[in-house]
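Asks: So the chains spell out like this:
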Amino acid sequence: MITVRLYGLFRLESEKPVYQFEPVQDVAAVLSLLAKESRLGLKDWKKAVIYVNGTAIDKLSMFRTQLKDGDVLSVLSPASGG
Amino acid sequence: MKGYANRIARIDLSSLTYEDYPVSDQYRELYLGGKTLAARILYDIVTEKIDAFDPRNPIVVMTSPLTGSMAPCSSRFDVSTVSPLTGLCTSSNCGGNFGMALKRAGFDGLIIVGKAEKPIYIKINDGVIEFADASPFWGTLTSEAQKQMSPKKTSGAFVIGPAGENLVRYAGVVSQERTAGRNGVGAVFGSKLLKGIVADGTGKYEFADQEGFKALNKIWVENLRKHPLTGKQLPTYGTAGLVSTMNFKHQLATKNYKSGQYEDFEKISGETLREKYLIKNKGCLTCPIQCGRVVTVEEKEVKGPEVETLVLLGSNLLNNDMQKILDANYYCDEYGMDTITFGSSVGFAMELNEKGLWNNGLRFGDPDLDLVALIKATAAREGIGAELAEGTRRMSEKFGGKEYAINVKGLELAAYEPRGAQGMGLGYAVANRGGCHLNGGYMVVMEGLGFNVDNLTTKGKAAFSIFFQDLMEAISAGGTCLFTSYAVLPAFMIANPNKFIVRLIYKMLPYFGGIVGLAHRFIGIADINAPKLLPYPKMISYATGMKYTIGKFIRVGERGYTLERLLNLRLGLNPDQDTLPKRLTEEKQPGTGSVVRLNRMKKAFYFYRGWKDGVPTGSLIRRLRI
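Chains as they are written, first to last, in our numbering: chain A, 1 to 82; chain B, 83 to 708.
None of these hints come from the bench; they were simulated from the model. Computed from a predicted model, the values in this text were never measured in an experiment. Hints are supplied without guarantee of correctness; some may be wrong.
[Unchecked claim] The calculated SDA-like cross-link candidates involving lysine to any residue, where the alpha carbons are at most 20 Å apart (straight line), are: (1) B/K581 / A/A29; (2) A/K16 / B/A573; (3) A/K59 / B/G675; (4) A/K47 / B/G313; (5) A/K59 / B/I587; (6) A/K43 / B/G675; (7) B/K581 / A/L42; (8) A/K59 / B/G606; (9) A/K43 / B/V584; (10) A/K16 / B/K314; (11) A/K46 / B/T354; (12) A/K46 / B/I587; (13) A/K46 / B/K314; (14) A/K47 / B/P572; (15) B/K589 / A/A56.
Produce the complete structure using the sequences and hints provided.
Replies: What follows is the structure in structure tokens.
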């Protein structure tokens, strides 16, 4: 399974903190599944800050980052304050 | 001058007298107000090294030109003095209603010297200052003291709690539920037997150009409301919303800064706070952002914790119990002490205990940890609380562990673990106030919290630190909340972090650091205005009649920053103190292997600032007209 954990505004707006999907090829495929199962569209999900197993996708292959069974995606909205 | 009450009082508590303290319009033009004007006044008064608890140590309470103007987030005011933690100059900012009340009462600021013979408080009403006996409520908590001293709805109070009375070195001063929290300004109140100040009055704010002010004010509020950070993220999650991001970026101070990640971060996150504990949002007066949280403690609706409190009393202690943090936050406010330094002191004490250097019974991750009891003991200086009340630097002098006593110049670091944010590490090290994220330039905003510039590179960080230090110093001098500055960050970049062009900009930004730094040193920022992008200078112009530009505004910040440094040198600062605890510069951070590579950044920082070996040069002082 691929687990997707949501944080920040994505968690609020999708009304669900965790999603689980059968293994898919890459991050883009997960975002498509999220768009199908939530009220947010693919365009919205593509604006997320995304980590795969704790590593930011901009350090990997962005939306083409390959996934395998057991991977955890963390999806965040930009945050500020302090 | 419009926008000001045009009166500052010098109050002597030893003789219970006061007189007007003259401040020229030239000073107002050069220093504006708040911490920057206060630094100038301190520089004029404090002519030699002085102890924080010496009766001659002045407390300068100062409003700003925009205080009370109804500009966004403009209830802010400042209190500056010599800090009992650092022995250097400090300022602490507060969003309570006292600043606006002080201005309505006819004063821009107060300079308080001397020491009373018995506990007193100061009453200010429409230009008249009186002294009243505070003995009946000496020992009261801050909410009760405010109720007793300031029963009228129109008045504003600024009070200390038992921590300030007992000279806890990180005691704060409280107005409503907002605290001037850092660096022990409340202890200086306590050393003078000053329980607080209450102000009330009927003065009206006068504008140089009210129509121009109103028109730009409207645009500014709209911009804040539609920006993704100030219009959505901050109102939704408050500053607590940072916890999750900080964890992924290795910036979440954990186990006395041993690590930047906490396995239970979700339990102390902004998401959990909102989903399980939040009653409603609340903000300071005139604030369209409303980042404050209201939660329940002992069946009362009280102010909830900021990110710093969640981290220092949560992950830093391996405490995953949110309710325990809410309770401790409330009691720190009631007893009047800084949650950051308190949390850091407890974390350091835990590590000392773990290493067998001080047998105090405190353990990381202890489910039975009673933070409220520790707060009460610290405020009363009883048992181990007597040691905790001194802060980490003094504890390390007594028990050892200096390399992991997480302070700079005596002030404990904020919540951001700097091995996961190199620029923030530089900021902590060089900040005039000590280990302060805001006075340090708050580079972590560029390094993952907002912008997404590489957090582990040192490239360009010195120059951008200077820019943000000066900008935030100037915003504070003008009198609005620093959070308004987030709306300056381009919304397109915040909202589209994965777009190729945005990622390219983030990649390239560090390479522009050299140009930014050289421009700062040799050219300066142009005297232009772009009110929709940076409204502050134009708002100040409309309020006061002074002709402010972006360049002139930023120079106020630079002037203030340089002046604070000069004052610190007079107070005994050695530039070698611009450093970090060895844990952060020598111990590799788990997960990243990073240490703060300070020396290279510091060298560039001094050069771009025009400081030689940490000391402002004569030509810089002349250029800034100090």
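Asks: Now look at each hint and say whether the structure bears it out.
Replies: We went through each hint and held it up to the structure:
{"no.": "1", "hint": "B/K581 / A/A29", "verdict": "holds (18 Å)"}
{"no.": "2", "hint": "A/K16 / B/A573", "verdict": "violated (26 Å)"}
{"no.": "3", "hint": "A/K59 / B/G675", "verdict": "holds (16 Å)"}
{"no.": "4", "hint": "A/K47 / B/G313", "verdict": "holds (17 Å)"}
{"no.": "5", "hint": "A/K59 / B/I587", "verdict": "holds (15 Å)"}
{"no.": "6", "hint": "A/K43 / B/G675", "verdict": "violated (35 Å)"}
{"no.": "7", "hint": "B/K581 / A/L42", "verdict": "holds (14 Å)"}
{"no.": "8", "hint": "A/K59 / B/G606", "verdict": "violated (35 Å)"}
{"no.": "9", "hint": "A/K43 / B/V584", "verdict": "holds (16 Å)"}
{"no.": "10", "hint": "A/K16 / B/K314", "verdict": "holds (19 Å)"}
{"no.": "11", "hint": "A/K46 / B/T354", "verdict": "violated (24 Å)"}
{"no.": "12", "hint": "A/K46 / B/I587", "verdict": "holds (18 Å)"}
{"no.": "13", "hint": "A/K46 / B/K314", "verdict": "holds (18 Å)"}
{"no.": "14", "hint": "A/K47 / B/P572", "verdict": "holds (15 Å)"}
{"no.": "15", "hint": "B/K589 / A/A56", "verdict": "holds (14 Å)"}
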